[in-house]
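Colleague: Produce the entire structure from the sequences given, and follow the hints as far as they go.
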Amino acid sequence: MRSWRKMFVVRGVTMSLVGVMAFGSAAAATAYHNAISQIEVQDLDGLVAEQVKPKDPSDPFKDEPVNLLLMGTDIRDGSNADIGGTVSGMRSDTTMLVHISADRKWIEIVSLPRDTFVDIPSCQLPDGSQSQPYRDKFNASFEVGSGHTSLKHAAACTINTVNAITGVTVTNHAVVKMNGVIDVVDALGGVKMCLPEALHGDPRSARIDLPAGENRLDGKTAIQFLRVRKGTGMGLEMGSDLTRIERQQAFINATLRQILSAETLADPTKTFRLINAALGSLSADPDIADPGKVAGLAWSLREIDKRNIVMTKIPVYDTTEGTASGIGWGPEAAEIFQRMAADTPPESVVLPEAEPSGSPSASAGGTEGGTEGDGGGDAGTGETDEGTETGGETGTGGDGTETGTSEGTTKPETPKPSPSPEVLLDGVCA
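Going by UniProt numbering, the sequence shown opens with residue 1, and the numbers climb by one from there.
In short, the hints are calculated from the structure, not lab data.
Take these hints with a grain of salt, some might be off.
[To be verified] Only pairs whose alpha carbons sit at most 20 Å apart, straight line, appear in this in silico SDA-like list of lysine to any residue:
{"no.": "1", "residue 1": "Lys-152", "residue 2": "Ser-129"}
{"no.": "2", "residue 1": "Lys-230", "residue 2": "Asp-209"}
{"no.": "3", "residue 1": "Lys-270", "residue 2": "Gly-190"}
{"no.": "4", "residue 1": "Lys-220", "residue 2": "Ile-208"}
{"no.": "5", "residue 1": "Lys-313", "residue 2": "Thr-243"}
{"no.": "6", "residue 1": "Lys-270", "residue 2": "Ser-300"}
{"no.": "7", "residue 1": "Lys-105", "residue 2": "Val-350"}
{"no.": "8", "residue 1": "Lys-137", "residue 2": "Ala-334"}
{"no.": "9", "residue 1": "Lys-313", "residue 2": "Thr-116"}
{"no.": "10", "residue 1": "Lys-105", "residue 2": "Pro-352"}
{"no.": "11", "residue 1": "Lys-137", "residue 2": "Asp-241"}
{"no.": "12", "residue 1": "Lys-192", "residue 2": "Leu-210"}
{"no.": "13", "residue 1": "Lys-62", "residue 2": "Thr-169"}
{"no.": "14", "residue 1": "Lys-313", "residue 2": "Gly-330"}
{"no.": "15", "residue 1": "Lys-105", "residue 2": "Leu-256"}
{"no.": "16", "residue 1": "Lys-152", "residue 2": "Thr-169"}
{"no.": "17", "residue 1": "Lys-313", "residue 2": "Asp-241"}
{"no.": "18", "residue 1": "Lys-313", "residue 2": "Val-349"}
{"no.": "19", "residue 1": "Lys-270", "residue 2": "Glu-303"}
{"no.": "20", "residue 1": "Lys-137", "residue 2": "Thr-323"}
{"no.": "21", "residue 1": "Lys-313", "residue 2": "Gly-235"}
{"no.": "22", "residue 1": "Lys-230", "residue 2": "Asp-241"}
{"no.": "23", "residue 1": "Lys-152", "residue 2": "Leu-47"}
{"no.": "24", "residue 1": "Lys-105", "residue 2": "Leu-301"}
{"no.": "25", "residue 1": "Lys-137", "residue 2": "Pro-315"}
{"no.": "26", "residue 1": "Lys-137", "residue 2": "Thr-116"}
{"no.": "27", "residue 1": "Lys-152", "residue 2": "Leu-44"}
[Unchecked claim] Derived DEER-like restraints, expressed as beta-carbon distance ranges:
{"no.": "28", "residue 1": "Val-41", "residue 2": "Ala-102", "range": "21 to 27 Å"}
{"no.": "29", "residue 1": "Gly-292", "residue 2": "Ala-324", "range": "44 to 50 Å"}
{"no.": "30", "residue 1": "Asp-343", "residue 2": "Ala-198", "range": "36 to 42 Å"}
Just so you know, these numbers come straight off a predicted model, no measurement behind them.
Backbone N, C-alpha and C fix where the C-beta goes; we use that ideal spot for every residue, glycine too.
Modeller: If you want it as structure tokens, here you go:
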């Protein structure tokens, strides 16, 4: 295990310099520069009322919490028209606030329902004028800010709205087009998910049919899984955006687990291919649009316990304003965002306990890294790559497989690849 760790560190240094990820080959350098040329950088200086400047511009993520706003847009341009059809206008169907703790011990993701009635602040428009503050559904902030033409102004207005309604200051952002999801999923080789029941999209609006149990979603299937609202199974009968949010959160959780796995991070070529696919389909702030900085952020998360990738659901209630129906947020929402702004973990996060200096694992005869969740399966009396049983009673290794501990005790079970937003039941797939 110790030699595996050394290899991991060496490759991690390589990943921080994305241009030489494939060991300095000319092909990798060419691919790197091609990726840079495809990235649409959105510098929002002067457009966002409240911005956080990094203490160290050369390493903007170091020792700092990250509040990343992910905006998924259904803009129908180019290949996106082939996916979603041709519809005019610019909207954001999915918005997620991703909080990465300063100590890199946990990630919390909150979806902001698009039908929430909110106060949209004044936003600068592409022609230099200012929009008037007004109240509407949350996803209108994206369209208002765009002036129907500018993705940059759309993102800025949405960020201003999120800052105002949550009290959490967005530090970074990215706008993801539909074809971007496809590229990322295919770069990963598909995303594994466990479905509690079959899902069948209404053929008039979605082309997707998935059986119950284990599925590996390719890019095109994944985008349909994220977008489908009508059909049968997994809440589709309700036609609700809230049930779609649950599916989206489950998918993001499964994808993050796969990205942060040793299988991905220990393979520089695969990591570069993934970053290339992601950034080539994004419009993002200068730090997120920098492959080297993104690789460094990913590397800083390599030891995160996968149980600590937490999906938080905003409590909502049905309401109407004027003739429009939508939703409001329950009072607990304010507590969620206050905690997030303070970089305080949710109760479900499992933080490692400091071990007494006289504990067996702290002594020279103890085993190394007995509770690591890096997939190495080294907890026990013997080191194994597969996480097979060793020692006394069996617990769970970092990759969810059973492995013994030196004391023969049982560790808490690691969740299966699909997490537990309500519509996806944990442990469906063995």
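Colleague: Quickly compare the C-alpha distance for Lys-105 and Leu-256 to 20 Å and report which way the hint goes.
Modeller: holds (14 Å)
Colleague: When you check the alpha-carbon spacing of Lys-313 and Thr-243, does it fall within 20 Å?
Modeller: holds (11 Å)
Colleague: With respect to the beta-carbon atoms only, verify the hint that Gly-292 and Ala-324 lie 44 to 50 Å apart.
Modeller: Since Gly-292 and Ala-324 have Cβ atoms about 45 Å apart, the given range 44 to 50 Å holds.
Colleague: For the pair supplied as a hint, Lys-313 and Val-349, confirm whether the alpha-carbon distance does not exceed 20 Å.
Modeller: Measuring from Cα to Cα gives roughly 15 Å; hence the hint holds.
Colleague: For the pair we were handed, Lys-137 and Ala-334, check the Cα-Cα distance against 20 Å.
Modeller: Roughly 18 Å separates the two Cα atoms, so the pair holds.
Colleague: Does Lys-105 pair with Leu-301 here, judged by a C-alpha cut-off of 20 Å?
Modeller: holds (8 Å)
Colleague: Could you grab the alpha-carbon distance between Lys-137 and Asp-241 and see if it respects the 20 Å cut-off?
Modeller: holds (13 Å)
Colleague: Quick one, are Lys-230 and Asp-241 close enough, alpha carbons at most 20 Å?
Modeller: The given pair, whose Cα atoms are some 10 Å apart, holds under the 20 Å limit.
Colleague: Given the hinted pair Lys-137 and Pro-315, is their Cα-Cα distance within 20 Å?
Modeller: holds (16 Å)
Colleague: Please verify whether Lys-270 and Glu-303 have alpha carbons no more than 20 Å apart.
Modeller: holds (18 Å)
Colleague: Would you check the hint for Lys-220 and Ile-208, treating anything up to 20 Å between C-alpha atoms as holding?
Modeller: The given pair, whose Cα atoms are some 9 Å apart, holds under the 20 Å limit.
Colleague: Please verify whether Lys-152 and Thr-169 have alpha carbons no more than 20 Å apart.
Modeller: holds (18 Å)
In the structure shown, no violation is registered for any of the earlier numbered hints.
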